[in-house]
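Each protein sequence line maps, in turn, to chains A and H.
When we follow the working numbering, the leftmost residue of the first sequence carries the number 528, and every step to the right adds one.
When we follow the working numbering, the leftmost residue of the second sequence carries the number 317, and every step to the right adds one.
I should point out that these hints are in silico values taken from the structure, not numbers from a laboratory.
As the structure is a prediction and not an experimental result, all values here were calculated from the model.
Hints are not guaranteed to be accurate.
[Said to hold, decoys possible] Computed from the model, here is a short list of chain H residues facing chain A with C-beta under 10 Å:
{"hint": "1", "residue": "R482"}
{"hint": "2", "residue": "A487"}
{"hint": "3", "residue": "A489"}
{"hint": "4", "residue": "M496"}
[Claimed, not checked] Listed next, the in silico DSSO-like pairs over lysine-lysine satisfying Cα-Cα at most 30 Å (straight line):
{"hint": "5", "chain 1": "A", "residue 1": "K605", "chain 2": "A", "residue 2": "K657"}
{"hint": "6", "chain 1": "A", "residue 1": "K698", "chain 2": "A", "residue 2": "K605"}
{"hint": "7", "chain 1": "A", "residue 1": "K657", "chain 2": "A", "residue 2": "K698"}
{"hint": "8", "chain 1": "H", "residue 1": "K348", "chain 2": "A", "residue 2": "K605"}
{"hint": "9", "chain 1": "A", "residue 1": "K598", "chain 2": "H", "residue 2": "K348"}
{"hint": "10", "chain 1": "A", "residue 1": "K605", "chain 2": "A", "residue 2": "K538"}
[Claimed, not checked] Which chain H residues stay away from chain A? Per the calculated CB distances, all over 10 Å, these:
{"hint": "11", "residue": "A397"}
{"hint": "12", "residue": "N400"}
{"hint": "13", "residue": "L408"}
{"hint": "14", "residue": "I462"}
Beta carbons: idealized from backbone N, C-alpha and C, even for Gly.
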Amino acid sequence: MNALLSTHGLKAGYGDMRALHGIEISIEAGETVALIGANGAGKSTLLKAIMGVLPVAPEMIMLDGKAVGGKSPHLMVKAGVAIVPEGRRLFLGMSVEENLQIAIEHAAEPIGEPWTLERVFALFPILREKARTLVENLSGGQQQMVSIGRSLLVQPRVLLCDEISLGLAPKVVREIYAALPAITAGGVALVLVEQDVSLAQRASQRLYCMLEGRVTLQGASSDITREQISAAYFGANHVLD
Amino acid sequence: MYWIDGIVQGILLGGLYAQYALGMALMFGVMKIVNVTHGDLVILLALIGISLADLTGLGPWSILATLVPIGAAIGWILQRALLNRVVGDDPLPSLIATFGLSIALQNAMLQIWSADTRSLSGGAIQQASIPVGSLYIGVLPLIVLICATVLTAGMAFLMHYTRFGRALRAASADVEAAAMMGVNPRRVYALATAIAVGILGFAAAFQAMRSTVAPSDGPFQLIYAFEAVIIGGLGSIWGAFTGAMILGISQSIGFRINPGFGILAGHLVFLAVLAVRPQGIFKRKS
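Chain A with its partners taken away, still in its complex shape:
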């Protein structure tokens, strides 16, 4: 199978500090891939590098056979990559509808059935009621729904989700994760960065575990054992029991 998005020896960092040491991951259309790892393992950095926020060489990121690494974020959007950023990063002082409108007005060319306000409202019905509310007056879960909806409306082929369950009540997390299959059903590839390992395992088909800027484990989510994850998560010297 041909990967929709793949990284090749991806190295990136902040100034002189290198945070990623040659990352190789890939994802197919309609697939959900989870990225797990401890704080500081480089998961968010990887998403930022793919999104074009951090500088990388062109051939380090391939999208549909084209080298796209190092493009500015707004050009990555046009190429078909979107991110649900860590901490949601909604446009404060603007309503739910305006936040979504920004994405609609700067979207990529849709491939397949396009995402519309109606589809986003069908996915998260509460947003229809709150359309005119300023985003800062929403609950954390509702804000996360706006953030996901906003990123869908740029019509991505690959959606990078950075810790979408962080700080939310378990019930809200279930509600948000229940919406994910409807997103991938249309062929969108989903990369989930997730702190909750068992949630990540259940929600994904494959997973990658990262440690100190390297991929230490990869495989089908249903086949990987907790012992394998522990070893990959904490390093080879840490063994449970």
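Assemble the complex: chain A is given as a structure, and chain H must be docked to it using the hints.
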């Protein structure tokens, strides 16, 4: 009546300050750039206008109509060539860059136009006034005020009801997030500065018609714009308009208390607002 006249004249003066302040509020609101060349750009445009009038014999309104696109072009180039390189979380690089450019511009203008004061002939309209009761309202200042109001309303409309305005506000709220939603920040910034300096085309023509301009006048215009923006609340469009009115009225009342006190009165009100309500009168939602 003496004091009412003071307030009316102050509001009319505020119209001119509002035209200075609008572009500054826009640039600060969107990019957090304090453009130190703001006043020099007014003077530059005014001098270009005066020279154009001398060369071509165009009337003041044609000059105004020419200065606005010239201003917009200057703004676009300024942003693309200089400010996009220094804009960022740290306000210092843009402050230093525009400060340096301000000095360079003033010297270049001195070289080209000499230190003479000049003005643009507005024809009969310059002296015309409308009697209202026992007050006289100058026609030109009234046009300036109407222009400022329309420009401010137009800008507020642009910010809230257009694609470009929404992109501006998104970039203002979180520029990195805006870029991740497909907004090209450099393009939005260049357009914002083009609009800001384009508006100065109005201010330049009116300034040259109402009084005189000389190459070293820029910093005064900068201070008025800056004070209006601070009084109103940094980055707020209607706040800048209100701040300009308050500054105009303060100066006008000050002049009537003592002719030497006018400008100082404006500064004192500015300092008082800074002490009592440092976030400005219109606190920006954030």
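Hints, one by one, checked against the model:
{"no.": "1", "hint": "R482", "result": "5 Å, holds"}
{"no.": "2", "hint": "A487", "result": "9 Å, holds"}
{"no.": "3", "hint": "A489", "result": "4 Å, holds"}
{"no.": "4", "hint": "M496", "result": "5 Å, holds"}
{"no.": "5", "hint": "A/K605 <-> A/K657", "result": "28 Å, holds"}
{"no.": "6", "hint": "A/K698 <-> A/K605", "result": "34 Å, violated"}
{"no.": "7", "hint": "A/K657 <-> A/K698", "result": "19 Å, holds"}
{"no.": "8", "hint": "H/K348 <-> A/K605", "result": "27 Å, holds"}
{"no.": "9", "hint": "A/K598 <-> H/K348", "result": "25 Å, holds"}
{"no.": "10", "hint": "A/K605 <-> A/K538", "result": "23 Å, holds"}
{"no.": "11", "hint": "A397", "result": "19 Å, holds"}
{"no.": "12", "hint": "N400", "result": "12 Å, holds"}
{"no.": "13", "hint": "L408", "result": "19 Å, holds"}
{"no.": "14", "hint": "I462", "result": "29 Å, holds"}
Hint 6 from the earlier list is the only one contradicted by this structure; the remaining hints agree with it.
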